[in-house]
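Going down the list, the sequences are from chains Y and H.
Our numbering applies: residue 1 is where the first sequence begins, and numbers increase by one.
Our numbering applies: residue 1 is where the second sequence begins, and numbers increase by one.
The set of hints was computed from the structure by calculation and includes no laboratory data.
Any given hint could be a false lead.
Claimed, not checked - DSSO-like cross-link-like pairs, simulated, lysine-lysine; straight-line CA separation at most 30 Å:
1) H:K44 <-> Y:K141
2) H:K88 <-> Y:K141
3) Y:K225 <-> Y:K236
4) H:K44 <-> Y:K125
5) Y:K137 <-> H:K44
6) H:K154 <-> Y:K236
7) Y:K79 <-> Y:K137
Spelled out, the chains give:
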Amino acid sequence: MMSERISFYDQIRNNKIKSVLLISLIIIVFFILGYFVSYAFTPDYFFIIMILSIIISIFYVVIGYYKSDKIALASVNAKPALRSEYSQYYHIVEGLTIASGIPMPKLYVMNNEQINAFATGRDPKNSVICVTTGALKNLNKQELEGVLAHELSHIANYDIRFMTLTAVLVGMIAIIAELFLRSFWFRGSSDRDNKGNMILILIGIVFAILAPIVVRLIQLAISRKREYVADASGVKFTRYPKGLADALRKIEKDHPTENKKINKAVAPLFISDPFKRKIQGLFSTHPPLTERIRILERM
Amino acid sequence: MVLWTIFIIAAVLVIIFIYYYNRFAILGNRIDNSLAQIDVQLKKRADLVPNLISAVKGYMKHEKSIMTNVTEARKALLSAKDMPSKIKAGDNLQTALKSIFALAENYPNLKANENFLQLQQELSAIEDKVAYSRQFYNDNILDFNNSIKIFPGKLFASLFNVKGRPYLEIKESERAVPKVKFE
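Can you make the complete structure from the sequences, with help from the hints?
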């Protein structure tokens, strides 16, 4: 096993390139799906439908983009953190904003025994960090600093925008595929004029079934990559990998509790999977904690 | 055709020139800005000292010399003109403050004082912030120096006569992590 030091600058660059590739793939899938849908129904109005769907999807993306932080905070029932009550939380984040040169995010607290945290918003000027009361209670200063630096780097790397847009795009593809497939229940076979058209429609159906699954896998792969990058750039701010590694170890030992309050859709936002799913693989929102700790120890 | 080629090449060259000129300017401004941030934090530290002295005075009647040290260090910081001497004075003030906090261990009543505890936490946070602002300054120096030492930036740097800037030295003792722990 090679165990040379990993430069966090390299780590950030590598992952940025991979993420750009992944999101381009999502957009391509989206356009292929749009092509099949419009071709299968009305080849004559192909362009009009394509243009309409592009306009609708832009509208949908814009709304999701501006409202995402409020939706996420409301769905976990987070409250704004008071400075008088959480002075250490404020001091640590203020220190980290100085180290990273990004504006101060709004700070929130959610009432939950688990050790966890997430960041959301659309850019560094409109960003939010939220931690659980469990994290504030169970982590010492260095560990909390590690976790908050991880969240702050999600903001600094524009992950919060990226993840929001990906989530919105993935949702949109799922909706279109669903509509496309359902519409076949209501259609007669009278308009199937030739065999070639039929084959194309069949391909379209298969694609519509597979597209949401593929796209969801891509989203999860991006989500996992982003966690590694945020770990790396968080360490760039604190210069103390042990803080985050210790915090992740505590999270690993943390007893999994029922998390009825947390909506599954916001799971990728958190520093570690709030559902503590044991099986690691293609459908995981987060990379395995042991792997993250191992990388942090090599920095 | 030839004329067009010359024109396009010239336009590209002008854009590249402007790009590098602005890049050096932006990176340089970032350094100046992060230097100002260090100044802000040092100033905040100095501003908290009178509050600390008045909180501690009643309890530490026999520790005159330490009080004087802190007051002197604060004065030196406020009268320092350039950045290196400010930073040095800031370090001295921090050392003087540390001796007050070490001494406070002998005064249970003081340690129970809400006001004192809050100041202690505030000053410890400022210590972190000073360290972070220096780190950010050095990060910006690194970006700047990289941009003028790596080709093709190197070429333009010598053309515009842009010179590398020195790093702030950070004392080894300050890099030592676990500091004070507050629960």
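Discussion item. Next pair to validate is K44 of chain H with K141 of chain Y; report whether the Cα-Cα distance is within 30 Å.
Written reply: Between K44 of chain H and K141 of chain Y the Cα gap is close to 22 Å, so the pair holds against 30 Å.
Discussion item. Tell me if the straight-line CA distance from K154 of chain H to K236 of chain Y falls inside 30 Å.
Written reply: The given pair, whose Cα atoms are some 26 Å apart, holds under the 30 Å limit.
Worksheet item: Is K44 of chain H within 30 Å of K125 of chain Y, Cα to Cα?
Response: With Cα atoms ~24 Å apart, K44 of chain H and K125 of chain Y stay inside 30 Å; holds.
Discussion item. Check whether the Cα positions of K225 of chain Y and K236 of chain Y lie no farther apart than 30 Å.
Written reply: holds, 17 Å
Discussion item. Check whether the Cα positions of K88 of chain H and K141 of chain Y lie no farther apart than 30 Å.
Written reply: Measuring from Cα to Cα gives roughly 27 Å; hence the hint holds.
Worksheet item: Is the Cα-Cα distance between K79 of chain Y and K137 of chain Y 30 Å or less?
Response: holds, 16 Å
Item to complete: Quickly compare the C-alpha distance for K137 of chain Y and K44 of chain H to 30 Å and report which way the hint goes.
Response: Holds, at roughly 29 Å.
In summary, this structure violates none of the numbered hints.
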